[in-house]
Amino acid sequence: MPRDNAATAVALDRVSFRYEAMEMRFDVAIAAGEFVVVLGPSGAGKSTLLNLIAGFDRPTAGRMALMGEDVGDKVPADRPVTTLFQEGNLFPHLTVAENVALGLHPGLRLTPDQWRHVTMALDRMGLAGLSERWPRHLSGGERQRVALARSLVRNRPILLLDEPFAALDPGRRREMTDLVRTLAKDRGLTVVMVSHQLEEVRDLPVRALFIHDGHIIADGPMAGLLSAPASDEVRAYLGR
Amino acid sequence: MADSDVALGAARPSGRNIAGLLPGLLPGGLVIGLLAALIAVSAIGLLLAAPGTDGRRIWTDPYIWSILRFTVVQATLSALISIVLAIPVARALARRPSFAGRSLLIRLLGVPMVLPTIVGVLGMVILLGRNGWLNQGWGWLGLPGRFDFYGLSGILMAHVFFNMPFAARLMLAGWATIPSEQWRLASQLGMSGPQIFRLIEWPMIREVAPGIAGLIFLLCFTSFAVVLTLGGGPPNATLEVAIYQALRFDFDLQRGLALSVLQVAVCACVMAMLMLWARPIAPEATLQTADARPDSQHPSARVIDVGWLLIGAVIVLAPLAALASRFVTGPVVTVITDGDVWAAAGRSLGVGLAAGSLSLISGWGLLSTARWLDVRRQRRKLAGLLETAASLSLVVPPMVLGAGMFLVLRTVADPFSLGLVIVVIVNAVMGLPFVVRILNPPMTQAARRYDRLIQGLGMRPLDRFRLVDWPLLRRPIALALGLTVALSFGDFGVIALFGTAETETLPMLLYQRLSAYRMDEAAVVAGLLILLCLFVFTVIDKGVGGRATR
Numbered sequence: 001m002p003r004d005n006a007a008t009a010v011a012l013d014r015v016s017f018r019y020e021a022m023e024m025r026f027d028v029a030i031a032a033g034e035f036v037v038v039l040g041p042s043g044a045g046k047s048t049l050l051n052l053i054a055g056f057d058r059p060t061a062g063r064m065a066l067m068g069e070d071v072g073d074k075v076p077a078d079r080p081v082t083t084l085f086q087e088g089n090l091f092p093h094l095t096v097a098e099n100v101a102l103g104l105h106p107g108l109r110l111t112p113d114q115w116r117h118v119t120m121a122l123d124r125m126g127l128a129g130l131s132e133r134w135p136r137h138l139s140g141g142e143r144q145r146v147a148l149a150r151s152l153v154r155n156r157p158i159l160l161l162d163e164p165f166a167a168l169d170p171g172r173r174r175e176m177t178d179l180v181r182t183l184a185k186d187r188g189l190t191v192v193m194v195s196h197q198l199e200e201v202r203d204l205p206v207r208a209l210f211i212h213d214g215h216i217i218a219d220g221p222m223a224g225l226l227s228a229p230a231s232d233e234v235r236a237y238l239g240r
Numbered sequence: 001m002a003d004s005d006v007a008l009g010a011a012r013p014s015g016r017n018i019a020g021l022l023p024g025l026l027p028g029g030l031v032i033g034l035l036a037a038l039i040a041v042s043a044i045g046l047l048l049a050a051p052g053t054d055g056r057r058i059w060t061d062p063y064i065w066s067i068l069r070f071t072v073v074q075a076t077l078s079a080l081i082s083i084v085l086a087i088p089v090a091r092a093l094a095r096r097p098s099f100a101g102r103s104l105l106i107r108l109l110g111v112p113m114v115l116p117t118i119v120g121v122l123g124m125v126i127l128l129g130r131n132g133w134l135n136q137g138w139g140w141l142g143l144p145g146r147f148d149f150y151g152l153s154g155i156l157m158a159h160v161f162f163n164m165p166f167a168a169r170l171m172l173a174g175w176a177t178i179p180s181e182q183w184r185l186a187s188q189l190g191m192s193g194p195q196i197f198r199l200i201e202w203p204m205i206r207e208v209a210p211g212i213a214g215l216i217f218l219l220c221f222t223s224f225a226v227v228l229t230l231g232g233g234p235p236n237a238t239l240e241v242a243i244y245q246a247l248r249f250d251f252d253l254q255r256g257l258a259l260s261v262l263q264v265a266v267c268a269c270v271m272a273m274l275m276l277w278a279r280p281i282a283p284e285a286t287l288q289t290a291d292a293r294p295d296s297q298h299p300s301a302r303v304i305d306v307g308w309l310l311i312g313a314v315i316v317l318a319p320l321a322a323l324a325s326r327f328v329t330g331p332v333v334t335v336i337t338d339g340d341v342w343a344a345a346g347r348s349l350g351v352g353l354a355a356g357s358l359s360l361i362s363g364w365g366l367l368s369t370a371r372w373l374d375v376r377r378q379r380r381k382l383a384g385l386l387e388t389a390a391s392l393s394l395v396v397p398p399m400v401l402g403a404g405m406f407l408v409l410r411t412v413a414d415p416f417s418l419g420l421v422i423v424v425i426v427n428a429v430m431g432l433p434f435v436v437r438i439l440n441p442p443m444t445q446a447a448r449r450y451d452r453l454i455q456g457l458g459m460r461p462l463d464r465f466r467l468v469d470w471p472l473l474r475r476p477i478a479l480a481l482g483l484t485v486a487l488s489f490g491d492f493g494v495i496a497l498f499g500t501a502e503t504e505t506l507p508m509l510l511y512q513r514l515s516a517y518r519m520d521e522a523a524v525v526a527g528l529l530i531l532l533c534l535f536v537f538t539v540i541d542k543g544v545g546g547r548a549t550r
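So the sequence lines, in the order shown, correspond to chains A and B. In this text, residue positions in the first sequence follow this note's numbering: the first is 1, and each later residue adds one. In this text, residue positions in the second sequence follow this note's numbering: the first is 1, and each later residue adds one.
These are computed hints drawn from the structure, not numbers from a lab. Glycine included, C-beta positions come from ideal geometry on N, C-alpha and C. One thing to keep in mind: the hints can contain errors.
[To be verified] Sample of chain B residues lacking proximity to chain A, with all beta carbon distances greater than 10 Å (derived):
hint, residue
1, A49
2, A100
3, V266
4, L274
5, A301
6, T329
7, L453
8, M459
9, L462
10, L472
[Said to hold, decoys possible] Part of the chain A face toward chain B, derived, beta carbon under 7 Å:
hint, residue
11, F56
12, P76
13, T83
14, G88
15, H93
16, A97
17, P106
18, G107
19, L110
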């Protein structure tokens with residue numbers, strides 16, 4: 001596991017959080033450019049881990065650094081992070097282009113150059129010609145690609161994905177996961193992706209974190225986690 | 001939500017940045033502060049105005065006790081009769097999910113709730129008063145005697161007219177909560193109508209009815225215009241009317257204070273009981289009910305349902321029809337060429353717009369903080385408390401607020417000259433629950449869905465309003481504004497306390513025509529009032545709300 005500070009994108013040092021009766025504590029370091037998949041039963045704290053990194057939830061104790069900088073007091077918008085949610089990524093009353101443009105200026109005051117940038121990002125996602133459409137006229141996959149286009153223009157080094165493709169058909173899901181991996185490689189992004197669909201991630205050559213009851217109880221290559229489960233909890237999750 | 005207290009501590013950044021909390025807390029805090037100041041001013045006003053008031057007076061004055069007794073008796077009877085009539089009407093509507101005019105009838109049941117009270121009262125008088133339709137028919141049949149409408153019976157009839165339809169709509173929403181599986185089960189088991197009532201419908205009614213009855217009790221307990229007009233004399237008064245009489249005619253400040261204290265105490269008790277026991281009810285009736293019920297095709301069921309639907313329709317329509325017929329034959333030209341009428345209408349419009357805007361802005365402030373507490377700080381309980389604070393006017397009724405302000409202002413200025421300002425403030429407080437009721441669900445829904453995205457993008461409050469809240473919420477905003485403006489436009493309450501020839505509003509003018517028995521003129525003024533109300537509501541609803549969101 002990389003421990004070098006300069007190359008560490010996400011560093012959580014005894015970051016604690018309490019949700020209802022559950023005490024959570026996360027200790028983890030993720031290297032810049034790494035692709036990490038977070039697995040675990042529902043309610044274990046997978047989304048909370050992302051929300052803590054993004055700054056939507058504030059830890060009760062512990063330290064957190066993103067891209068080598070302490071982010072304890074930073075609001076979500078000031079962190080080097082962009083998040084793709086499962087749904088609700090797009091405002092239904094704004095056009096595709098406007099939804100992407102929010103990533104460049106949250107008040108939609110863009111220069112002509114920036115608008116061209118938006119068009120380019122949409123082209124890149126294979127959405128050319130859809131910029132004036134309303135989100136409800138797009139398919140689920142297209143909507144998530146619009147959201148990805150926005151995360152591209154935001155140009156943040158860390159991309160958080162919270163079950164982003166769970167609402168799509170299985171075939172689409174795989175396609176989108178591959179798209180994210182290609183983007184991440186091209187741009188050197190650090191990706192943390194929560195997944196509930198073991199099928200869509202089991203073949204990926206990535207690092208896997210397994211969360212149980214608010215703690216990371218397994219951490220290592222995906223293949224290893226699946227072939228030699230380290231504990232009863234992981235075995236139970238895998239159904240073995 | 002016992003768990004929320006636990007979660008609270010978690011999300012709080014241990015006292016780190018109080019300044020960071022300020023923008024979230026400020027709007028709601030400000031509104032709560034203003035409401036508290038308003039109550040404080042009213043309370044101080046009442047206490048200072050009657051120095052040396054002997055606290056024992058409340059307990060020893062037989063007049064006060066007779067008023068309290070009458071208030072409780074009429075409110076209890078009103079609530080009971082309304083509920084008992086509303087149940088079969090709602091059941092008939094639930095059992096007949098598709099007949100021509102059903103949705104029209106449901107809409108009709110919503111009319112009395114938004115009809116200016118004084119207009120509804122006039123309709124009742126034209127229908128049932130001394131020379132009303134009923135007594136004319138009576139005489140025409142050659143029957144002896146006359147039906148005397150003024151007094152308890154008139155009050156009850158008017159309260160049933162205003163509240164039975166409202167109760168029926170809320171009960172209908174209760175029927176919609178019965179899962180469709182239960183109807184399929186009832187079909188399969190071959191249950192009869194009475195068995196269905198006992199085993200499926202009655203348990204639902206038992207859950208829902210007490211809350212509705214409690215609310216109606218509260219509304220009738222603080223009833224003003226109905227009781228003032230139809231009470232028929234001093235012993236028949238609610239506390240609300242008695243406060244008005246004590247201040248406006250007898251100028252007995254001590255009695256006004258004693259009555260106010262009683263009023264607030266009883267309202268607070270009923271509110272507390274409602275909050276503890278009553279289940280929340282969905283405000284809107286769904287227009288279609290699920291599966292066909294096994295008992296709906298029985299001949300006797302048809303007869304019973306048709307009968308109750310007719311009764312429900314007649315209760316709402318008869319006073320409106322009486323009003324309409326008098327309006328059509330009334331001296332329309334005389335009234336609409338009367339400058340006083342238009343001056344009063346102008347004042348009403350000003351009061352309505354000011355009060356409605358004030359309600360909307362305060363409601364928005366309260367809900368912004370409630371939304372922030374709920375979505376960002378996970379303090380759902382506190383958010384709920386803030387929303388409840390909006391229903392203040394149910395505990396401290398308009399006449400008490402008005403009386404308090406009247407007595408404070410008396411020491412610094414001529415309260416009558418500031419009458420309209422006080423009316424605006426009191427009406428704004430009365431409109432607040434409607435604003436919160438209308439705006440809260442869509443506002444919370446939008447926040448739950450988009451708040452994290454908004455945070456992640458770093459949208460500033462003004463951009464958030466312009467780009468997210470306004471496009472998503474302009475229709476409910478328009479509805480809330482239109483409704484509160486219309487309600488205030490037609491309100492006849494505190495204005496009675498302050499009204500002079502110079503500050504006369506349209507409802508007050510109507511009341512004067514009515515109490516002078518100039519029924520034809522009154523009917524025309526009432527028609528004008530309704531038309532203007534509808535016009536103002538529609539202009540705001542369409543103008544502010546715009547076309548349907550994309």
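Confirm or reject the statement that B/L462 sits farther than 10 Å, beta carbon to beta carbon, from all of chain A. Not fine: 8 Å to the nearest Cβ puts B/L462 too close to chain A.
Interface hint for A/P76, Cβ within 7 Å of any Cβ on chain B: Nearest chain B Cβ about 4 Å off; hint holds.
Any CB of chain B closer than 7 Å to the CB of A/T83? holds (5 Å)
Exclusion check [B/T329 not at the chain A interface, CB over 10 Å]: holds (50 Å)
A closest beta-carbon separation below 7 Å is what the hint needs, so does A/G107 meet it against chain B? holds (4 Å)
Do the numbers back the hint for A/A97, that is, is its least Cβ distance to chain B under 7 Å? Hint violated; A/A97 Cβ to chain B Cβ min 14 Å, cut 7 Å.
Beyond 10 Å on every Cβ pair: is that true for B/L274 relative to chain A? holds (29 Å)
Holds or violated: is there a CB of chain B closer than 7 Å to the CB of A/L110? violated (13 Å)
Assertion that B/A49 lies farther than 10 Å from chain A (Cβ): holds (50 Å)
Given as non-interface: B/A301, which should sit over 10 Å from chain A by C-beta: The claim stands: B/A301 keeps its Cβ more than 10 Å from every Cβ of chain A (closest is about 43 Å).
Confirm or reject the statement that B/V266 sits farther than 10 Å, beta carbon to beta carbon, from all of chain A. It holds; B/V266 is separated from chain A by about 39 Å at its closest Cβ, greater than 10 Å.
With a cut-off of 7 Å, does the beta carbon of A/H93 approach a beta carbon of chain B closely enough for the hint to hold? Holds, because the Cβ-Cβ distance from A/H93 to chain B comes to roughly 4 Å (cut-off 7 Å).
Checked against the numbered hints given earlier, the structure breaks hints 7, 8, 9, 10, 16, 19 and satisfies all the rest.
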